[in-house]
Amino acid sequence: MQAELREQIEFALDTIRPYLEADGGNVRIVELTDDKVLKIEMLGSCGSCPMSSMTLKAGVEDAIKRAIPEIVRVEAVNLSMA
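Numbering (this note's numbering), first residue to last: -5 to 76.
Do not rely on the hints blindly, as some may be mistaken.
To be verified - Subject to a maximum C-alpha distance of 27 Å in a straight line, what follows is the list of computed DSS-like cross-link-like pairs (lysine-lysine):
id : residue 1 : residue 2
1  : Lys51     : Lys33
2  : Lys59     : Lys30
3  : Lys51     : Lys30
4  : Lys33     : Lys59
As the list claims (entries may be wrong) - Taking CB as the label site, the calculated pair distances span:
id : residue 1 : residue 2 : range
5  : Arg60     : Asn20     : 27 to 33 Å
6  : Gly18     : Pro63     : 26 to 32 Å
7  : Arg67     : Asp8      : 18 to 24 Å
8  : Thr9      : Glu35     : 16 to 22 Å
9  : Gly18     : Val66     : 15 to 21 Å
These are calculated hints, taken from the structure and not from any lab test. We put the CB at the ideal spot given by N, CA and C, even for glycine.
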């Protein structure tokens, strides 16, 4: 992953981290695929919270796509979206 793109992603994540941290969670970048899918890991209470899939879509993905429109999707590697 390009350093500049990683910085943009981290900056976007920093805008929502205070909300995640307030609930005992956080998020970590795992990888950005060649087809612009960002893979993240939900950490702390975010990894086990029943609302994590909503947090991922409404919070994390929205913040990322607003800041970096070329990212097509954000997926959490440690959540089941069933």
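Results for each hint:
A threshold of 27 Å between alpha carbons decides the hint, and for Lys51 with Lys33 the separation of about 13 Å falls inside it, so the pair holds. Restraint check for Lys59 and Lys30: satisfied, since their Cα atoms lie roughly 11 Å apart, inside the 27 Å limit. A hinted pair counts as satisfied when its Cα atoms are at most 27 Å apart, and Lys51 with Lys30 qualifies at roughly 16 Å. In summary, the hint linking Lys33 to Lys59 is supported, as the alpha carbons are separated by about 13 Å, within the 27 Å threshold.
Range check, Arg60 to Asn20: about 20 Å between beta-carbon atoms, so the 27 to 33 Å window is missed. Roughly 31 Å separates the CB atoms of Gly18 and Pro63, a value that falls within the hinted 26 to 32 Å. Between Arg67 and Asp8 the Cβ separation comes to about 20 Å, which falls inside the hinted range of 18 to 24 Å. For the pair Thr9 and Glu35, the supplied restraint of 16 to 22 Å holds, since their beta-carbon distance comes to about 18 Å.
Look at Gly18 against Val66: about 30 Å separates their beta carbons, and that is not inside 15 to 21 Å.
In terms of the numbered hints stated before, the structure departs from hints 5 and 9, listed from lowest to highest.
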